[in-house]
Amino acid sequence: MANMLTIARIALIVPFAAMFFISAPWALTVAFALFAIAAATDFLDGRIARARGETSALGAALDPLADKLLVAAALLLLVRNGVIRDLAVIAALAILLREILVGGLREHLGKIGASLPVTGPAKLKTSVQLLAIGLLIASAPGGLAGEAIAPAAMGLFWIAAILTVGTGADYSRRAVRLLRNPPG
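Going by our numbering, 174 is the number at position 174 of the sequence shown; the sequence numbering is gapless.
The set of hints was computed from the structure by calculation and includes no laboratory data.
Glycine included, every Cβ here is placed at the ideal spot set by N, Cα and C.
Careful: at least some of the hints might be erroneous.
Claimed, not checked - Lysine-lysine pairs mimicking DSSO-like chemistry, simulated, CA-CA at most 27 Å apart:
1) K68 / K111
2) K111 / K123
3) K123 / K68
To be verified - Label-pair ranges, simulated between beta-carbon atoms:
4) E147 / L93: 19 to 27 Å
5) W26 / L101: 34 to 42 Å
6) W158 / P182: 52 to 60 Å
7) A40 / A152: 14 to 22 Å
8) I90 / L65: 20 to 28 Å
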């Protein structure tokens with residue numbers, strides 16, 4: 001069940017992205033709804049897996065990947081439609097680069113029998129990212145909430161970027177230690 005929710009989160013990215021290419025007044029509202037559903041599965045899949053004892057290597061690999069794919073798609077689409085612009089593009093780039101870096105570090109560490117477990121601050125980072133991106137979608141021109149909440153959404157987005165860089169630095173430090181002193 002939990003892995004099915006994770007796979008559903010990945011599958012929702014396609015219709016979510018499609019909404020950004022539809023010139024209809026309802027498209028961004030649907031995009032927001034799809035994003036909110038996908039974000040909710042991130043919260044639910046882990047809880048369900050732990051409650052049912054369904055934790056697996058597949059789930060552990062798919063869950064962070066699904067988060068990264070959803071966040072990356074949303075950031076690219078928000079840059080495309082101009083909601084994320086100017087200096088905020090740097091924050092989006094920092095988020096994307098951190099996600100690629102940590103994914104690469106985890107992959108390489110796995111090859112030497114080491115791992116970078118998810119930390120509490122990284123879980124908080126993901127939650128803040130998803131909330132900020134959801135608010136940015138809602139505040140986009142034609143979005144559900146309107147542009148009045150755009151400053152708050154952008155402020156939260158910058159907080160997400162700072163958390164992202166901070167957790168990326170932490171993972172990088174821990175990875176370097178593991179690479180210098182591999183297990184075994």
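Status of the given 20 to 28 Å range, CB of L65 versus CB of I90: holds (24 Å)
Restraint check for K123 with K68, where alpha carbons must lie at most 27 Å apart: Holds. K123 to K68 sits at ~12 Å (cutoff 27 Å).
Hinted pair K68 and K111, Cα distance within 27 Å: Judged against 27 Å, a Cα distance of about 21 Å means the pair holds.
Range hint compliance [Cβ, W158 to P182, 52 to 60 Å]: Given a distance of about 37 Å, which is not inside 52 to 60 Å, the answer is violated.
Supplied distance hint 14 to 22 Å, evaluated on CB atoms of A40 and A152: Distance hint for A40, A152 holds at roughly 21 Å.
Pair hint outcome, K111 versus K123 [Cα-Cα no greater than 27 Å]: holds (24 Å)
CB-CB spacing for L101 and W26 relative to the 34 to 42 Å hint: At 37 Å between Cβs, range holds.
Range agreement (Cβ of L93 with Cβ of E147, hint 19 to 27 Å): holds (24 Å)
Hint compliance for this structure: hint 6 alone is broken.
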